[in-house]
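Asker: Below, each chain spelled out in residue letters.
There are 2 protein chains.
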Amino acid sequence: MTLPFARRLDHVETSAIRELFKLLGKPGIISFAGGFPDSALFDVEGLQQASRQALTENPGAALQYGATEGHEPLRAQLAAFMQAKGATHVTPQDLIVTTGSQQALDLIGKTLVDPGDPVLVEGPTFLATIQCFRLYGARVLTVPIDGEGVQVDRLEAALVAHRPKFIYLIPSFGNPSGALVPLARRLRILELAVQYRTLVVEDDPYGDLHFDQPAPPSLLALTAQVPGSREWLVYCGSLSKVLSPGLRVGWMVGPQALLAKATMCKQFSDAHTSTFAQATAAAYLASGRMPARLDEVRRVYARRASTMVEALRRELGEAIAFTAPQGGLFVWARLTGAGGRLADAGELARRAIEQGVAFVPGAPFFAADPDPASLRLSFATADEDKIREGVARLARALR
Amino acid sequence: MTLPFARRLDHVETSAIRELFKLLGKPGIISFAGGFPDSALFDVEGLQQASRQALTENPGAALQYGATEGHEPLRAQLAAFMQAKGATHVTPQDLIVTTGSQQALDLIGKTLVDPGDPVLVEGPTFLATIQCFRLYGARVLTVPIDGEGVQVDRLEAALVAHRPKFIYLIPSFGNPSGALVPLARRLRILELAVQYRTLVVEDDPYGDLHFDQPAPPSLLALTAQVPGSREWLVYCGSLSKVLSPGLRVGWMVGPQALLAKATMCKQFSDAHTSTFAQATAAAYLASGRMPARLDEVRRVYARRASTMVEALRRELGEAIAFTAPQGGLFVWARLTGAGGRLADAGELARRAIEQGVAFVPGAPFFAADPDPASLRLSFATADEDKIREGVARLARALR
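First to last, the protein sequences are chains A and B. Using our numbering, read the first sequence as starting at 145 and increasing by one per residue. Using our numbering, read the second sequence as starting at 145 and increasing by one per residue.
Bear in mind the hints are in silico, worked out from the structure with no lab data behind them. Bear in mind that the values here come from a model prediction, so they are computed numbers and not experimental data. Don't be surprised by glycine CBs; every beta carbon is placed ideally from N, CA and C. Certain hints may be false.
Pulled from the structure, derived: some chain A residues nowhere near chain B, Cβ distances all over 10 Å [as the list claims (entries may be wrong)]:
hint, residue
1, H155
2, E216
3, H233
4, D290
5, Q295
6, R298
7, E300
8, P358
9, V444
10, T467
11, R494
12, I497
13, R543
Label pairs and their computed distance ranges (CB to CB) [unchecked claim]:
hint, chain 1, residue 1, chain 2, residue 2, range
14, B, G260, A, H155, 16 to 24 Å
15, A, D356, B, L438, 54 to 62 Å
16, B, L438, A, H155, 39 to 47 Å
17, B, N202, A, N202, 24 to 32 Å
18, A, R443, B, H155, 49 to 57 Å
Work out the full structure, taking the sequences as your base and the hints as a guide.
Answerer: Structure follows, in structure tokens:
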């Protein structure tokens, strides 16, 4: 028996990365492979209190069906959260709550992409985005990055050449690049959006995870400085990296016309995001615990990042090239092949597993023209001793 | 500025029913319009305990990313729940958790429907299903019902005529029909699925809400009696009507090949269903409180249904025709026009609002050939005095 699957599935696959993850069960393995935050940093006590409050103060609302646009107390908290980060124009009506920011991407694909439509993404970019847009028939085209994120001259050339439906970017500590787009480049991106009348989707799960100094304002906040740009900007936010991925609470800020269509589609996607999770998130944000928690999370990740950077330089030297991250969860690197050593990150990943350390090769993160020498190392979930030991194993695998 | 929305949105609209709901804010209105359970029947204490347990026993798992297929303890509980209802073959690996059963429908559309594909539904059926499948380009075709649900001779004729991608049915106390498909007809549906090699999607949110006697076994359970039928049956379950819609916990049972594709699509839809909600639901089901809660919910709804049925007969007499429901949340009725009275349910809905009572006209529930005399009355959320008063107001509106 063969089920009559839809043609849209023909060119989309469960990611190669997921196959790798099956190997992570091996005992004693040190993993730099994940893309998730450290569970040990979750504010369990704060979330226990918030969940108790949600189920005590208004259990009917937390357990009943809710508005597709989102639970009003949460929309109010998220608007305040965005305002505090410089997007001072954002009101509760300017955002809808989504089931993680992954659903925001899905709703963007559903509302905007016709089969064959070109969509621009960074090369490399978040793997699940590429697949998500391809499921709606998008032709996903790549604009290369450098150490400061997307290259804006190449972006403009691609806008001219392809007239894409939209541009998808992760300007702050992107997955997998870890790159931070500087202020001037951000402003230029907004100018291009206005000039070419093209939507920019800003995915921002990591922007709050800066180390020494805050990231420049989000594209969303910067729309105030670029006339006409607000109507071309869609912002996707998430509590996954700063509070808890398990809540599945994200949000989307955008032009009202887009929010209305996305809300209509969401009705038929999952009716609404868990009101139980939304009410808990709202109570948590209202509790005022987030700023201190963010400080703690940043401090821990900054220390782990610097430990990994130092260990990579010490142990792998010229065999690896990378820009030290200023925030986020990842070191994005290239094997240089210096001294005749391995320059194939896929092969290194296999040898590394044998040595007891895991990471993700970079090639799958490219929608086109994969760089086989690239790799992504997450410093988020291993402690500093483990990071040093894991990098030492990596060095052994490279010998 | 006009955003370049995808063509798939062209023929889908936010439902007419949602517009009606905006009128429900009017003070003192008695609503028979909702499609939701009574918040007063939620087991708040049980869910408080379950949520506390989830965040105490293994907070890391409840708050971290989880498997797209679902949280293992919940899959185990849901398999046991299905087994206890006669689907004895269902193992945890035979189901995936979805963000409400609405997401199961969305994943079915995404994995199976190519633009132009015919899909069969009952006329009338659940409104959000029609729209959900249309978003993937389905041509939604209607098979009429009678007091015992879908008419199987008409179903067979439609299978022959249209060779649909699948058939979507709500065999137990369907929304909006409230109809219960008897055993013989259920078996016939499964035989047709095998004979015409066509998937049947069984949506079953109401099956547990029976009054005097249990519904016949689900199509899923009955696959054991019809050789070859198991591979053609997809079952969508939900905790929304029996525990809490706000959790957004549903599940899908189906052939492994379909579950694999649906899981892949779900990765890009929302990554996974809230692990926080899943862990809470798992702890609740493990607590053993569900059977007593179900007894209570059935008892209350049965009383309200019988109150509504008696009031309708007393107050509206021959002006209205309906089959008394044996479970679920709804009375589905037709205005007969007897004695020259109004037979247009849309017009009655407007007059009823003026009299202080709301219900939903039936026409929007038909994918084709709407019956303008039909209407849906929910007895789920008003107490018995309110039901009697609401029906009296309805009678005044009809005069």
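Asker: What are the numbers of the hints that this structure violates, sorted from low to high?
Answerer: Violated hints: none at all, because every hint is consistent with the structure.
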